[in-house]
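Please model the entire structure based on the sequences and the hints provided.
So you can see what is in the structure, the chains are spelled out below.
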Amino acid sequence: MTAQEILFQYCLRMGDTHNVLAHRMGEWCTNGHILEEDIAMTNIALDHIGTSRAWLIYGGDVEGKGRTEDDLAFHRDERSYFNMLITELPNGNFADTIARNFMFDAFALLYYSELANSSDETLAGIAQKAIKEAKYHLKHSSNWMVRLGDGTEESHQKMQIAINEVWRFTGNMFEMDDIDQNLADAGIGVDCEKLKDAWMSTIVNTLKDATLTIPENNYMLTGSKKGVHTEALGHMLAEMQSLARAYPDAKW
Amino acid sequence: MKEPITITELEVWKVLEQIPDPEIPVISITELGVVRDVKIEGSAIAIKITPTYSGCPATNVFEQDIKTEMEKLGFEQVNISFQYSPAWTTDWLSEEAREKLRDFGIAPPEGTTKDKKFLLGEDPTVKCPQCKSTNTVMTSQFGSTACKSLYKCQDCLEPFDYFKCI
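Chains as they are written, first to last, in the working numbering: chain P, 36 to 287; chain V, 2 to 167.
These aren't lab readings, by the way, just hints derived from the structure by calculation. Computed from a predicted structure; not experimentally measured. Incorrect hints may have been included.
Said to hold, decoys possible - FRET-style restraints, in silico, Cβ to Cβ: (1) P/HIS270 <-> V/THR7: 49 to 59 Å; (2) P/ASP244 <-> V/PRO160: 21 to 31 Å; (3) V/GLN155 <-> P/GLY127: 33 to 43 Å; (4) V/GLU12 <-> P/LYS261: 48 to 58 Å; (5) P/TYR254 <-> V/PRO23: 45 to 55 Å; (6) P/GLU189 <-> V/PRO23: 37 to 47 Å; (7) V/VAL138 <-> P/ASP185: 19 to 29 Å.
Unchecked claim - Here are some chain P residues the structure puts well away from chain V; computed CB gaps all over 12 Å: (8) THR77; (9) THR157; (10) THR257; (11) TYR282.
Virtual Cβ for every residue (Gly too), placed ideally from N, Cα, C.
So this is what it looks like as structure tokens:
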């Protein structure tokens, strides 16, 4: 792989990660349990779309084949999508959404705080922007973690089940393959292995406040870096991409 | 033959100052601080903008507005690119712009991102833009647009938008 191909692949991974999570958050539109929450989730969706867009525009530039962010988002199949598995998990009930987002938000804040030091100016810029938004997202999801975990007996139970369910997808966020290692060594990308301890202490602290327990199961799922996903992603992309594929020249 | 373009960059900035923010029409895109650079080369113009929030839908609108205005000035090629670094911050809002926001009914960002309160992640004390009371409370961290939170005043009982400090 050339340096250019490596960077392109890296941009796809992060661009896809935000795009897929944005779509999941968008699915909450009109389904929030209170108006404020409906607005919060769609606001967060917008932030992720924006971050995804920045990654994919840059990816398209790096690739140099004239592909736009829309080409990349709407004209690649499931096996060519490289988003983190955790982001494609269906929304489930509200606790499932909060557990998924909380795990990711805690990661994203640490990841972008590191990426802000990237020797690649564009990536450092994307990171500086994303840090500010990740802070808001983490505040939102951790508030709900505590509110539901330390809430009623039922909300506590639902929150704990959600944590248990999402847990096996968290290891994937810290995986490092040759591409990641190459860019981390070059001072362009982030060594995600090194974020794990700080991430774990965020999780431990919040779960403690929320009176929730960290799952003991340490079996972690993998695959996203090779385009291998859970069954949820194909269904999601089919819906997300249908309009753009049926009407490739559509403008709105 | 076409007339050569004789407009200066300063004059372009004057035109940009007239383009309103699509969501908050009382302030212009230059007061908002999103226009970072203007460069004229022959009949082409390159403009760099920094988005306020990465997913802000208004970005596309003012991108189009800039294009239209520049074409009116006679530029044949208008290149608008995004500059992400340094990231946009509410610190770039002028005192005048903050005053205009207040008059429009939106509480401007309290202080700057360098303030201790902000750095410690504490919630700011927000003044009601209607009655100026500080007896206000946040009803939702996310408001009608990405850049705003929803507050209510406990004295005059009016709900209002607060332009988040970022």
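Checked hints:
1. P/HIS270 <-> V/THR7: 49 to 59 Å: Since P/HIS270 and V/THR7 have Cβ atoms about 58 Å apart, the given range 49 to 59 Å holds.
2. P/ASP244 <-> V/PRO160: 21 to 31 Å: holds, 30 Å
3. V/GLN155 <-> P/GLY127: 33 to 43 Å: For P/GLY127 against V/GLN155, whose Cβ atoms are near 37 Å apart, the range 33 to 43 Å holds.
4. V/GLU12 <-> P/LYS261: 48 to 58 Å: At roughly 54 Å between Cβ atoms, P/LYS261 and V/GLU12 fall inside 48 to 58 Å, so the hint holds.
5. P/TYR254 <-> V/PRO23: 45 to 55 Å: holds, 49 Å
6. P/GLU189 <-> V/PRO23: 37 to 47 Å: Holds - the Cβ-Cβ distance for P/GLU189 and V/PRO23, about 44 Å, lies within 37 to 47 Å.
7. V/VAL138 <-> P/ASP185: 19 to 29 Å: holds, 22 Å
8. THR77: violated, 8 Å
9. THR157: violated, 7 Å
10. THR257: holds, 29 Å
11. TYR282: holds, 19 Å
In summary, the numbered hints that this structure violates are 8, 9.
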